[in-house]
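Please build the complex by placing chains B and C with the ligands on the supplied structure of chain A, with the hints as guidance.
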Amino acid sequence: MSPTKSDNSVPISQLLEFYERMLLVREAENRLSKLFADGEVPGFIHLSVGQEAVCVGVTSALETRDTLASNHRGHGHALSKGVELNSFFLEVMGKEEGICGGRGGSMHVADMSVGMLGANGIVGAGIPLAVGSALAHQVQENGAIAVAFFGDGALAEGVLHESFNLAALWKLPILFVCENNGWSEFSPTGRQFNANVRELAGVFGIPSAFVDGDDVLAVNEAASELVTAIRAGEGPYVLECVTHRVRGHFEGDPQKYRAESEINSLPDHDPITKLETIISKRRIPKKEVVAIRGTIEARINAAVEAGRGGNAPDFSRAKADVYTAVEEV
Amino acid sequence: MSPVTNLTMPKLGLTMTEGTISEWVVSPGDSFKKNDVVLVVETEKIANEIEAPADGVLHDILVVAGETVAVGTPLANWDVGATAIPEVSAEIEEANATTHEPEKETAAATAFAEVRKNTASGAKSARIVATPLARRIALQNDIDLAGVIASGPKGRIKAEDVRAAIADDASRVTLSCGVAAASPDALPSRRAATSYEAAAARRLSEAKRDTPHFYLSTEADAGALFLLRQQLNSDNENLNISINHLIIAAVARALKENEIANCVWRDGEIVTYGTTDIGMAVSSDKGLFAPVLKDIDRLGIASIAKAARELAEKARTGQLTSDDLIGGSTTISNAGMFDVTYMGSIINPGQSSILGVGSIREIFRPDELGQPELRQEMGLVLSCDHRIFDGVSGLAFLNSIKANIEKPLRLLVS
Amino acid sequence: MADVRYAKAVNMALDDAMAADPAVVLFGEDIAEAGGPFGVTRGLLEKYGDRRVRDTPISEATIVGAAVGAAMSGLKPVVEIMFMDFVTIAMDAMVNQAAKARFMFGGQCSVPLVLRTPHGGGVNAGPQHSQCLEAWFAHIPGLKVVVPSNPSDANRLLKSAIMDPDPVVFVENKAMYSLKGEFDDASETIVIGTAHVARSGDDVTIVSYGAAVNTALQAAETLAPRDISVEVVDLRSIQPWDEATVLASLARTHRLIVLHEAVTAFGVGAEIVARMSDIGFDELDAPIKRVGAPFMPTPFAKSLENQYLPNAKDVIAAVEQVLA
Ligand SMILES: Cc1ncc(C[n+]2csc(CCOP(=O)(O)OP(=O)(O)O)c2C)c(N)n1
Ligand SMILES: [Mg+2]
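Residue numbers (my numbering), protein chains in the order written: chain A, 1 to 329; chain B, 1001 to 1414; chain C, 2001 to 2324.
Honestly, I wouldn't trust all of these hints.
Just a sample of chain C residues kept apart from chain B, beta carbon distances all over 10 Å, derived [to be verified]:
id : residue
1  : D2016
2  : C2109
3  : G2122
4  : N2124
5  : A2312
Some, not all, of what chain C presents toward chain B, calculated at C-beta under 10 Å [stated by the list, open to error]:
id : residue
6  : G2280
7  : E2283
8  : D2285
9  : Q2321
10 : A2324
Simulated restraints, written as ranges between beta carbons of each label pair [unchecked claim]:
id : chain 1 : residue 1 : chain 2 : residue 2 : range
11 : B       : R1127     : C       : A2301     : 45 to 51 Å
12 : C       : S2229     : B       : R1127     : 28 to 34 Å
13 : C       : A2301     : A       : P42       : 51 to 57 Å
14 : C       : P2287     : B       : A1198     : 34 to 40 Å
15 : B       : D1142     : C       : G2126     : 56 to 62 Å
16 : C       : A2034     : A       : S187      : 38 to 44 Å
17 : C       : A2274     : A       : A232      : 55 to 61 Å
I should point out that these hints are in silico values taken from the structure, not numbers from a laboratory.
Yeah, the Cβ is synthetic: ideal placement off N, Cα and C, and Gly gets one too.
Isolated chain A, as found in the complex:
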């Protein structure tokens, strides 16, 4: 890959946009963490705090018609792909008005209207879905591409290997994004996968890029380049983003398995702090940053209120959605 563009070349408006989008994901998840602790979010949730640069950097390179298949840690993928904030909170809080009617929750947020094919509770399962979606784009020649987001843990799933192979064989318009946060549940990547994702891609003849996943500018630059190539019909690419999972595997995980030094070093990798440093070096009025913070907070407050005001899902409506109703056919 070509070296990262100098920070100065990125327009201020774009920096602020990245900032706002990352902050949205961060604050939304921080709020979910609190709501979860307070018992307002049922089930279990996986937060991507510390990984916001990856989802924002990649999705900023995409169009709405492009499709995305995600994994269990998918809040950032959903929000940055364009899932509306209120319906997102309503869903995660298990309400009828949620984007999925309260049927899926945190691990299954999906919005077909923005190409979000869904978070997924099965490690690795989203990858062939994205392959199939890319096949659809290819057959329909609609110019769209598909993106598969997966963690380093999914590298050990056979279906990923099959998917690399099939995508390469069929030259499918797909970007495989590996969010390598070094951990797969409570095990370090080194104990899980005896290769690395770019080597694996190379075996199938899939070109790959490697970026600092905590640097939104780097991620976006790399992703933009790959997306352009894919859209031009070059076939699949792999983008490995090395990043850091700040919170536990799920909320409530005390992370006893991580070294104190590692935990202490996490703030140094914070993608939002990093972007704030860049922003502060440019001549951007502080009040603009403050205003963005204010807007985000207000939006999230409103979304939480909307979530609280939502109705309990209707059982018969849920049951009616197991199969497509005949009228809809």
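Okay, now just chains B and C with the ligands, sitting in the frame of chain A:
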């Protein structure tokens, strides 16, 4: 040829009036051993395995599985080894010896179906096995399934059986009579047996079933006994000797005189007791007990009276120990205080006889000159275990008792 | 009306569906160049091109997973799993993805995919190439399961399956591919979930599906001279299944036998029996019988497999029992 006899629906509980055959374990023509399970009878909620009383061969099944019949209804006939069951009279044996032709069997089955029809109103909880469709058709046509003859496997009533019953006008008439009789008030009430009642029922059923009883009866002139009692008691008020105490002494002496009477049947062996122990039936709030007086041949009449009084008191106050309840070959059941002439009793399990003593009655008997003489007589019925006694030895024992009662002075000589 | 082989009838349905709708695509192992391991997809690559008719690598999990993603993105994929035994490897895609997407995404999308796969023994294919695993899928809310018993039904049901908005497992039978059957191109379409009374009778109803329907018909034919009149209901689809037709037949004959080639234990028959003993309880004049394979893997040797597979004799024995 060994005797053919009927197996009847046993009474397996105090409240049992009918039972349902849930399974025939032995098939016609099969032989069985004593204590083999021959069939399973269901009552209310309990399934009871009915065991063979002795080795034998099952002939004809008269009531098939699934049918519900009244207690006492013949269920099958069988050859029971070489051992006659004493209570079966010669006539029954003869009658059954000829019921081997198939037509008879069918006739018998029809007869039991009739029995069932007649008892159908009381068969509220008896399980009738019928297919769901048969039940529906019966309900729609006001047919009582209890009156329908089953043709399906395992005695199951099928739709065609109900249709046949509908077609059969006669059966409808019979049924409507049966239904009319079944006013709700007329239905017997039920309650669960207490554990004591259940245990007693089981014990008595076993005893009656497993011990081949036969009965001998006579009357004893009790005049001398009365006189003796009067004399003894007037001589010493504290003695307080009762007729029963004297009868105990009479039986004790008879036991000494008839060694066979001090034997019992136990697991295929004949056990002869070395001591003279006698059970005496005592009724209490809790029911009937038969505690055993031990070593009475060594006791004088005064000591017998004392021991009997103490034992009866223990029984009435619920202080009997299990030691008090074991031993002895015979029991005296004295119903003299009630109005009864003859009482045939069930032998207590483990013993070989029981003496039922009736009330003392004044009765004219001809004297040597043929003139009426007023006597005081008591009816005696000796129930004997045919495995120990035969008619002769049973009679000898009974006659000894009678003689000891009629010549009671000998009871004072040890 | 002409006679057409089962494999050809399936091929014709694929052909018609592809001609009618450009969203229909086919992929699977050896289905394009080779025309399918059983020749079912022969000629379609030539006709519709390699965009829409594709050979895949041996990657069942990804074949079906990709079908789900493609179906969520505007295609109507018809994928083939070479033997039903191999669906084990694609179970996640069917059970956790295809079956649940509509429900768990709040009805936002349907998953119009068809998974074609042949089940069944009778060709000495052994324990891993003979199984009838349809009950697994019928157990999963969100999936439909179709099992045609003859060429005409296979043709019409496959067209219905491809047009269906929801994921359909379309179960073929490898022993039947070469069988001929009456075929009328003008026959009306079959709505998935409607059974067919393949033979009318009064004394006993045999409910079956797939190739076993023919076993039932054979038994019925054998029993006819004995004055035993057997009704045969061909379910055609087991999820959803036509409760009403089965109940109506039971209400006429009052005796029911369920026959399938699959192992009886926990099978489709168990569901039908349970349901009929509930809603059809008062119609029953005999216990309901199941006839199916014993609880063991499909054996290889001819003699063993012959004994393993339920045949007309077994059906006749069951009929005799319910008529006792
Ligand atoms: C098929 C499957 N196996 C196991 C799990 C349990 N599980 C959920 S997340 C996870 C670890 C995934 O690690 P990674 O892919 O690196 O994602 P991260 O949690 O680090 O974002 C595991 C093992 C699962 N959900 N699905
Ligand atoms: Mg990870």
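So, going through the hints one by one against the coordinates:
1. D2016: Fine: 45 Å to the nearest Cβ keeps D2016 of chain C off the interface.
2. C2109: It holds; C2109 of chain C is separated from chain B by about 45 Å at its closest Cβ, greater than 10 Å.
3. G2122: holds, 33 Å
4. N2124: With a cut-off of 10 Å, N2124 of chain C remains clear of chain B, as the shortest Cβ separation is near 38 Å.
5. A2312: holds, 23 Å
6. G2280: This interface hint holds because 8 Å falls under the 10 Å limit.
7. E2283: With a closest approach of 6 Å, the E2283 of chain C hint holds.
8. D2285: holds, 4 Å
9. Q2321: holds, 8 Å
10. A2324: Where the cut-off is 10 Å and the nearest Cβ of chain B is about 5 Å from A2324 of chain C, the hint holds.
11. B:R1127 - C:A2301: 45 to 51 Å: holds, 48 Å
12. C:S2229 - B:R1127: 28 to 34 Å: Because 33 Å falls inside the window, the suggested range holds.
13. C:A2301 - A:P42: 51 to 57 Å: holds, 55 Å
14. C:P2287 - B:A1198: 34 to 40 Å: holds, 35 Å
15. B:D1142 - C:G2126: 56 to 62 Å: holds, 60 Å
16. C:A2034 - A:S187: 38 to 44 Å: Holds - the Cβ-Cβ distance for A2034 of chain C and S187 of chain A, about 43 Å, lies within 38 to 44 Å.
17. C:A2274 - A:A232: 55 to 61 Å: holds, 58 Å
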